[in-house]
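So the sequences go chain by chain: P and A.
What the first sequence shows, in the numbering used here, is residues 1 to 213, in sequence order.
What the second sequence shows, in the numbering used here, is residues 1001 to 1293, in sequence order.
No lab work stands behind these hints, which were simulated from the structure alone.
One thing to keep in mind: the hints can contain errors.
[As the list claims (entries may be wrong)] Derived lysine-lysine pairs resembling DSS-like cross-links, with alpha carbons at most 30 angstroms apart:
hint: 1; chain 1: P; residue 1: LYS87; chain 2: A; residue 2: LYS1253
hint: 2; chain 1: A; residue 1: LYS1097; chain 2: P; residue 2: LYS6
hint: 3; chain 1: A; residue 1: LYS1065; chain 2: A; residue 2: LYS1020
hint: 4; chain 1: A; residue 1: LYS1120; chain 2: P; residue 2: LYS10
hint: 5; chain 1: A; residue 1: LYS1007; chain 2: P; residue 2: LYS87
hint: 6; chain 1: A; residue 1: LYS1020; chain 2: P; residue 2: LYS6
hint: 7; chain 1: P; residue 1: LYS6; chain 2: A; residue 2: LYS1065
hint: 8; chain 1: P; residue 1: LYS144; chain 2: A; residue 2: LYS1129
hint: 9; chain 1: A; residue 1: LYS1116; chain 2: A; residue 2: LYS1129
hint: 10; chain 1: P; residue 1: LYS147; chain 2: A; residue 2: LYS1120
hint: 11; chain 1: A; residue 1: LYS1116; chain 2: A; residue 2: LYS1150
hint: 12; chain 1: P; residue 1: LYS209; chain 2: A; residue 2: LYS1116
hint: 13; chain 1: A; residue 1: LYS1065; chain 2: P; residue 2: LYS18
hint: 14; chain 1: P; residue 1: LYS18; chain 2: A; residue 2: LYS1150
hint: 15; chain 1: P; residue 1: LYS209; chain 2: A; residue 2: LYS1065
hint: 16; chain 1: A; residue 1: LYS1097; chain 2: A; residue 2: LYS1020
hint: 17; chain 1: A; residue 1: LYS1129; chain 2: A; residue 2: LYS1097
hint: 18; chain 1: A; residue 1: LYS1120; chain 2: P; residue 2: LYS87
hint: 19; chain 1: A; residue 1: LYS1104; chain 2: P; residue 2: LYS208
hint: 20; chain 1: P; residue 1: LYS175; chain 2: P; residue 2: LYS87
[Stated by the list, open to error] Label-pair restraints from in silico Cβ distances:
hint: 21; chain 1: P; residue 1: LYS147; chain 2: A; residue 2: LYS1065; range: 38 to 44 angstroms
hint: 22; chain 1: P; residue 1: ILE14; chain 2: A; residue 2: GLY1064; range: 33 to 39 angstroms
hint: 23; chain 1: P; residue 1: PHE29; chain 2: A; residue 2: LEU1121; range: 36 to 42 angstroms
hint: 24; chain 1: P; residue 1: LYS147; chain 2: A; residue 2: GLY1064; range: 31 to 37 angstroms
hint: 25; chain 1: P; residue 1: LEU24; chain 2: A; residue 2: PRO1091; range: 36 to 42 angstroms
hint: 26; chain 1: A; residue 1: ASP1098; chain 2: P; residue 2: LEU24; range: 18 to 24 angstroms
hint: 27; chain 1: A; residue 1: LYS1135; chain 2: P; residue 2: ASP173; range: 54 to 60 angstroms
hint: 28; chain 1: A; residue 1: LYS1120; chain 2: P; residue 2: PHE45; range: 50 to 56 angstroms
hint: 29; chain 1: A; residue 1: ASN1038; chain 2: P; residue 2: ASN160; range: 19 to 25 angstroms
hint: 30; chain 1: P; residue 1: SER5; chain 2: A; residue 2: GLY1029; range: 26 to 32 angstroms
C-beta: ideal position from N, C-alpha, C; glycine also.
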Amino acid sequence: MSELSKRAAKYYFIQGIKLVMVSLLVLIFGGVMWTFFSMGEANAFEHVLNMIFSFGTLFMIMLNFLYSMYSPAWYDSLVLSMGARRKDVFFGELLKQITFIIGTVLIYIILAVSLHRPEHIITILTCSIISLLMGAVGLIVGHKIKKYGRVVYIIFVFVNAALFATIGIRQADGKTLIDAHADSRYVIVSAALLLFAILEFVVYRINKKAMVV
Amino acid sequence: MSILSGKNIVKSYGKENVLKNVSVEIETGKIYGLIGRNGAGKTTLLSILTAQNPATQGEITLDGKPVWENEESLSHICYSREISQVTMFGPNTLKVKDYLGTAKAFYRNWDEAYAKELVKLFNIDTKKKISKLSKGMLSAVTIIVALASKADITILDEPVAGLDVVAREQFYKLIIEEYSETGRTFIISTHIIEEAASLFERVIIIDNGEIMFQENTEDFLARAYRVSGEADAVDKATEGFKIYHPESLGRNKVVTVLADAPVEKFAENVQVEPVSLQNLFYAMCVNDGREAV
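Starting from the given sequences, assemble the full structure and let the hints guide the process.
In structure tokens form, the structure reads like this:
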């Protein structure tokens, strides 16, 4: 590992740790807020825990996606302008995301184990794989936004809104798009990992010609 | 002596050629001035020379080794760009201390003590967000990064834009001090030519994506003249010379001459004066029919 690669890895690792801190702060803030709103309710503790795990894991996916989307035109561009190589940026991004996901997963697993809620662990791990996949999606969207402007972002938001509206309507009818509670979880995880590998290859190719903006 | 060399660089965006077969050589231990009009291709050229952006065609080397993705070459170069106060997603909320922290992380020879000294000198509040800085403060931050990087080849793009006269003088003094102490190479792209001209050992003039001149500044100006007098006399005296920006005032005429070599004497009946770098640049660029932008 070259000296520059080490410096880039350290920089991105710290960025990942900062994201874990954001995740932790959201967990604390959410915990306090949901406790406050659930006061006086029967099963308040259960309710707060469910909210923390549901929102926290979803937030892990969302935060990784958003930060990945911002990166090409912001942090990665800055780093590139300061003498880093494109491959340092690529591996650094990967390291940042993995650091963030492992850190966040550890927090939630410790929470689940210490509160005797092992049933949440499988959901946390599934969401961590989805978060990894969404990081790659975010980077591709970020690179396209950098190249074509915010119109890409607007299109992406519209596509997502349509997709989630469809899912919402189906769920309101009592149908589920994917049965995440059955054995299909393994299929979802495997598909997400495969897609992640493919998308990372795309990111690598886009990143090879990255420009400073 | 190291040489940063760009050969036959072409940069195209779609059908538009921003750089047209540009070749340039930067020798270490000199201060270069890169001048050109807005949109001439200065920033694009500097981005390509420092491997921040890829060239469509051409070769960029430092001591014969490619600069692109080359750690050794990149470690000798710092291109401190203008900092944007907005990102694709809104205001640039990065704090100055984080910006400097990133520079510290990536520049191999970063001088932290010097950076702190410069922060104090330019009176920069490092807790401020980039989006909240004034134009002058933004320029000061790019200067701090450039100087504290201690890179052998340091490039500054519009470093004095927005700086007040005191800060500008401080900047020129810092460049001279740093140059005399370390012998670092500086490439300074600027529109404030009159002030910076005395710094430039060599000057590169770029216009419309092409290098018009790259030469020792003193030698360049030694063969430039402002010739004035009666129109007929001026025409006769400057016959055979390359003339820029002829201006007629009644029966009188003024032209800027760029000879191939210093001229001993023009005709008796014309007035001959030396030309400043800014006036020469103006004369060379004003005549191609393009309005000010």
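Hints versus structure:
no.: 1; hint: P:LYS87 with A:LYS1253; result: violated (59 angstroms)
no.: 2; hint: A:LYS1097 with P:LYS6; result: holds (21 angstroms)
no.: 3; hint: A:LYS1065 with A:LYS1020; result: holds (23 angstroms)
no.: 4; hint: A:LYS1120 with P:LYS10; result: holds (28 angstroms)
no.: 5; hint: A:LYS1007 with P:LYS87; result: holds (25 angstroms)
no.: 6; hint: A:LYS1020 with P:LYS6; result: violated (38 angstroms)
no.: 7; hint: P:LYS6 with A:LYS1065; result: holds (22 angstroms)
no.: 8; hint: P:LYS144 with A:LYS1129; result: holds (26 angstroms)
no.: 9; hint: A:LYS1116 with A:LYS1129; result: holds (17 angstroms)
no.: 10; hint: P:LYS147 with A:LYS1120; result: violated (38 angstroms)
no.: 11; hint: A:LYS1116 with A:LYS1150; result: holds (14 angstroms)
no.: 12; hint: P:LYS209 with A:LYS1116; result: violated (35 angstroms)
no.: 13; hint: A:LYS1065 with P:LYS18; result: violated (37 angstroms)
no.: 14; hint: P:LYS18 with A:LYS1150; result: holds (29 angstroms)
no.: 15; hint: P:LYS209 with A:LYS1065; result: holds (19 angstroms)
no.: 16; hint: A:LYS1097 with A:LYS1020; result: violated (39 angstroms)
no.: 17; hint: A:LYS1129 with A:LYS1097; result: holds (9 angstroms)
no.: 18; hint: A:LYS1120 with P:LYS87; result: violated (35 angstroms)
no.: 19; hint: A:LYS1104 with P:LYS208; result: holds (24 angstroms)
no.: 20; hint: P:LYS175 with P:LYS87; result: violated (44 angstroms)
no.: 21; hint: P:LYS147 with A:LYS1065: 38 to 44 angstroms; result: violated (29 angstroms)
no.: 22; hint: P:ILE14 with A:GLY1064: 33 to 39 angstroms; result: holds (36 angstroms)
no.: 23; hint: P:PHE29 with A:LEU1121: 36 to 42 angstroms; result: holds (41 angstroms)
no.: 24; hint: P:LYS147 with A:GLY1064: 31 to 37 angstroms; result: holds (33 angstroms)
no.: 25; hint: P:LEU24 with A:PRO1091: 36 to 42 angstroms; result: violated (26 angstroms)
no.: 26; hint: A:ASP1098 with P:LEU24: 18 to 24 angstroms; result: holds (20 angstroms)
no.: 27; hint: A:LYS1135 with P:ASP173: 54 to 60 angstroms; result: holds (57 angstroms)
no.: 28; hint: A:LYS1120 with P:PHE45: 50 to 56 angstroms; result: holds (54 angstroms)
no.: 29; hint: A:ASN1038 with P:ASN160: 19 to 25 angstroms; result: violated (40 angstroms)
no.: 30; hint: P:SER5 with A:GLY1029: 26 to 32 angstroms; result: holds (30 angstroms)
Hint compliance for this structure: hints 1, 6, 10, 12, 13, 16, 18, 20, 21, 25, 29 are not met, and every other hint is.
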